[in-house]
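Novice: The residues making up each chain are set out below.
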Amino acid sequence: MKKIRLIIKLAVVGIITNKVRSFLTVLGIVIGIAAVIALLALGQGAQLAISSSINSLGSNLIGIIPGTTFRGPPGTSTNAEIGQREYDYINSATRFPTVSAASPVITDFATLRGAEEEIFAEVNGVNSNFTEIQSLELEQGRFFREADVAASKNVAVIGPDVAAELLSEIQSDEILGQELIIRNIPFRVVGLLKSRGSAGFSNQDLEVYIPYSTASTKVFNRDNYSQILISVNDAKLSDATVIQLEEKLSAFKGLELEDKDFTVYTSDDILATASTVTSIFTTLLASIAAISLIVGGIGISNIMLVSVTERTREIGLRKAIGAREGDILSQFLLESVMLTVLGGFIGIALGVLLAVGVGQLAGIQAQISFDIVALATSISALVGVIFGYFPAFKAAKLDPISALRFE
Amino acid sequence: MIELKNVTKEYGEGENAFQALKGIELDIAKGEFISIMGPSGSGKSTLMNILGALDRPTGGQYLLDGQDVGSLDDEELAEFRNKRVGFIFQQFNLLPRTSVYDNVSLPGLYGGLPQLDRRVKEVLEKVNLLDKIQNKSNQLSGGQIQRVAIARALVMEPSIIMADEPTGNLDSKTSHEIMEILQDLHAQGNTIILITHETDIASYAKRQIRLKDGEIFSDSNNKDSDSKQ
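Residue numbers (the numbering used here), protein chains in the order written: chain A, 1 to 407; chain B, 1001 to 1229.
So that you can see chain B by itself, here it is in the shape it has in the complex:
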């Protein structure tokens, strides 16, 4: 479903040019749960930006569901993110002073989703937060905030869910709760891409990719992940 063909990303020009990604080849099938790991400077954020359609590759091709993402203009990228990608970030995930309901419905409002009301309640039920639907985002705990963010990522029924250090700000107990929710979503058939630098968080994913200096260093299936389920 996801095909990266010799994807490169360069920043700067001429002598100062810096190659963040050096020809990434990667296939991700529908329904996979994959983690991308690597030290800072390895290019994992750059890869996430490209996978999440926040940025275009400098060279090579990124195909999602057969569509060449690199050829889209800004407007089309925005629509692509809205319909195909669900984001969960490390921090600043929700609009301040805004209710859970409004936060979750935001992508639906931008995308003009019909029957949004029903869909919002459906996804909030999935993350077990229906009782907090009218709470303001500043009245929630860190774990609850990430659960709202997961619900928001699900609202548009995206092709992929991008989780960028989703547990970076959480204690370990809450982190594992969040990861279990992601694992459940994976079990329900969602494609999940997890970016992290923590090995035990990455171990929830079935397939682990390690990046180093802008190249794929290892791509292995995780035997542990079954035991975590």
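One chain only, chain A, in its complex shape:
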């Protein structure tokens, strides 16, 4: 124990005495670790933002979209549509007891016009029970009612960014009742949504909700739905409900289960896909950053070799008074590991600053977890071991006599 303490002490003395050289030696490690830390922290931040916005859709959410990702043999089914017929079939409490609410969704982009401005935004035609399926909270007014849907009324619930863009002239307490033109059709604003933030890739605040009946017959003139969204009584019943929906709906459409022309997905599926995508990106970027660690490691090797040569006589002296090869090897390995771990700590600090700074510019809350810091520390120690090994081995193998005579 005392031996290790002395070796550590000597290594620290060596590092401090050669401050500038030590710093230049570990600069590569500092930059590499900082880059890895920053990318991982931002990646995890982005992932968290995406998953939290997907979770805000509701964790017990099921969607049915037309078509399949895996298509059967050609000609099996061409009529891959979902419409009123399927919706009515699903929207039956006796047939699907675990379904608590279902709504058609007709999504399309449209030009919106306010008093002066004009924007292009997503318009969703949904049912009046849509707030039971997705957690939409209203800042002002109300969501449209069953009667609005039945009568295909021109009423709209708008996101806060739509209000900000189109109705900026209007006092916030006068937004309700204002007129909004969607594809040249006038609508009356009945509700203003609370901000939900951006969902990683799309801005959830730049959205308009109108009755699906109005969307189908007046605005987009289409009978088929983009999807049917369903919420289940209990998130635990999601998987069972998916199987039930697939079986019964295939039978209803007169198709074998394997030939079905629709896809049933859950919010967990979206979450899994999104997190796979972000983690692939994060890993890829961090791997590129890790290349600089190899470059930094080569720097460590270089300086350690110089140090071994400079200290040849010290090594000879140590061997003369009884140091074994293992003692010399561990001393130099420890020195290089201490250098790289020190560089790793500086890199972590720098990486955290970088992640927070860039995160603020990009609107991502950087996530610095214990895991990342532990990973960076062990990587820098590993770099020290790998790239310090050869110089340390060289030192350990020195012949004591010629080492003592070395000029």
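The hints are simulated quantities; they were obtained by calculation from the structure and are not laboratory data. It is possible that some hints are incorrect.
Chain B is faced by these chain A residues, among others (derived, beta-carbon under 10 Å) [as the list claims (entries may be wrong)]:
hint	residue
1	Lys3
2	Leu6
3	Ile7
4	Lys9
5	Leu10
6	Val13
7	Arg311
8	Ala320
9	Glu325
10	Gly326
11	Asp327
12	Asp399
13	Pro400
14	Ile401
15	Leu404
Glycine included, C-beta positions come from ideal geometry on N, C-alpha and C.
Chain B: place on chain A using the hints.
Specialist: Leaving out everything else, chain B in the frame of chain A:
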């Protein structure tokens, strides 16, 4: 205690082979103070390396306390040096920027000596440097450095103390101080082997061996040494 039987050392191979030691026969008893002298190229450094277990003989036998040193592997040689030999060199004797205490305790750390702390203070007291225990090696004079080196050589209570030109870098006054310390250690029963090329330094030893061309040229008892004591 030390027995060299027909010890040879060869460097190189074939036609370029060079015989540094040509069959050395030497017995050194416990408690002797012996000096090895000779011009450069006489083989005295080679002999010191073999006596100090830094190197193995090519032929013959080196027995210390009955153990055949030539048959030890590198690890065993390192342990042998640590436990049985105390080295004092001419220069670069201490670790730079390291305290007297750490320098002296180094062999004890490698050898895992129990109660090292007490032992370090004991040997520093012997060389009268207890007051410099926390000083760094670069804050010491040449004489003080050699005294620290002597203390370090004593820490493991070795069978022999090897002093290789210990006064080579010192002025004559300091040289004699160092030699007096070695003489005291001899008086306390330590076996000391001194390698030097200076006659007046060698004269501190009771027995003087002269080497020439890899052979023992003379082996005589020194009548002077009593007067120096």
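Novice: All hints, please: hold or fail.
Specialist: For each hint, the structure was consulted:
1. Taking 10 Å as the C-beta cut-off, the interface hint given for A:Lys3 holds, the closest approach to chain B being about 4 Å.
2. Among the interface hints, the one on A:Leu6 holds; its C-beta lies about 6 Å from the nearest C-beta in chain B, closer than the 10 Å criterion.
3. A distance limit of 10 Å between C-beta atoms decides the matter here; for A:Ile7 the minimum to chain B is near 9 Å, and the interface restraint holds.
4. A cut of 10 Å between beta carbons decides the hint on A:Lys9: the least distance to chain B is about 7 Å, and the hint holds.
5. Interface restraint check: A:Leu10 against chain B, minimum CB-CB distance 7 Å, threshold 10 Å, status holds.
6. Nearest Cβ of chain B to the Cβ of A:Val13: about 6 Å, under the 10 Å cut. The hint holds.
7. Satisfaction of the interface hint for A:Arg311 is found here, the shortest Cβ-Cβ separation to chain B being roughly 9 Å, below the 10 Å cut-off.
8. Because the beta carbon of A:Ala320 sits about 5 Å from the nearest beta carbon in chain B, less than 10 Å, this interface hint is met.
9. Here the hint on A:Glu325 is kept, as its CB sits about 7 Å from the closest CB of chain B, short of 10 Å.
10. Given hint, A:Gly326 at the interface with chain B, holds; its Cβ is 8 Å from that chain's nearest Cβ, closer than 10 Å.
11. Nearest Cβ of chain B to the Cβ of A:Asp327: about 6 Å, under the 10 Å cut. The hint holds.
12. Annotation: interface hint on A:Asp399 holds; nearest CB of chain B at approximately 9 Å, less than 10 Å.
13. Of the supplied interface hints, the one on A:Pro400 holds, with its beta-carbon coming within about 5 Å of a beta-carbon of chain B, less than 10 Å.
14. A cut of 10 Å between beta carbons decides the hint on A:Ile401: the least distance to chain B is about 5 Å, and the hint holds.
15. Hint status for A:Leu404 relative to chain B: holds, with the closest Cβ pair at about 7 Å, below 10 Å.
Every hint from the earlier list agrees with this structure, and none is contradicted.
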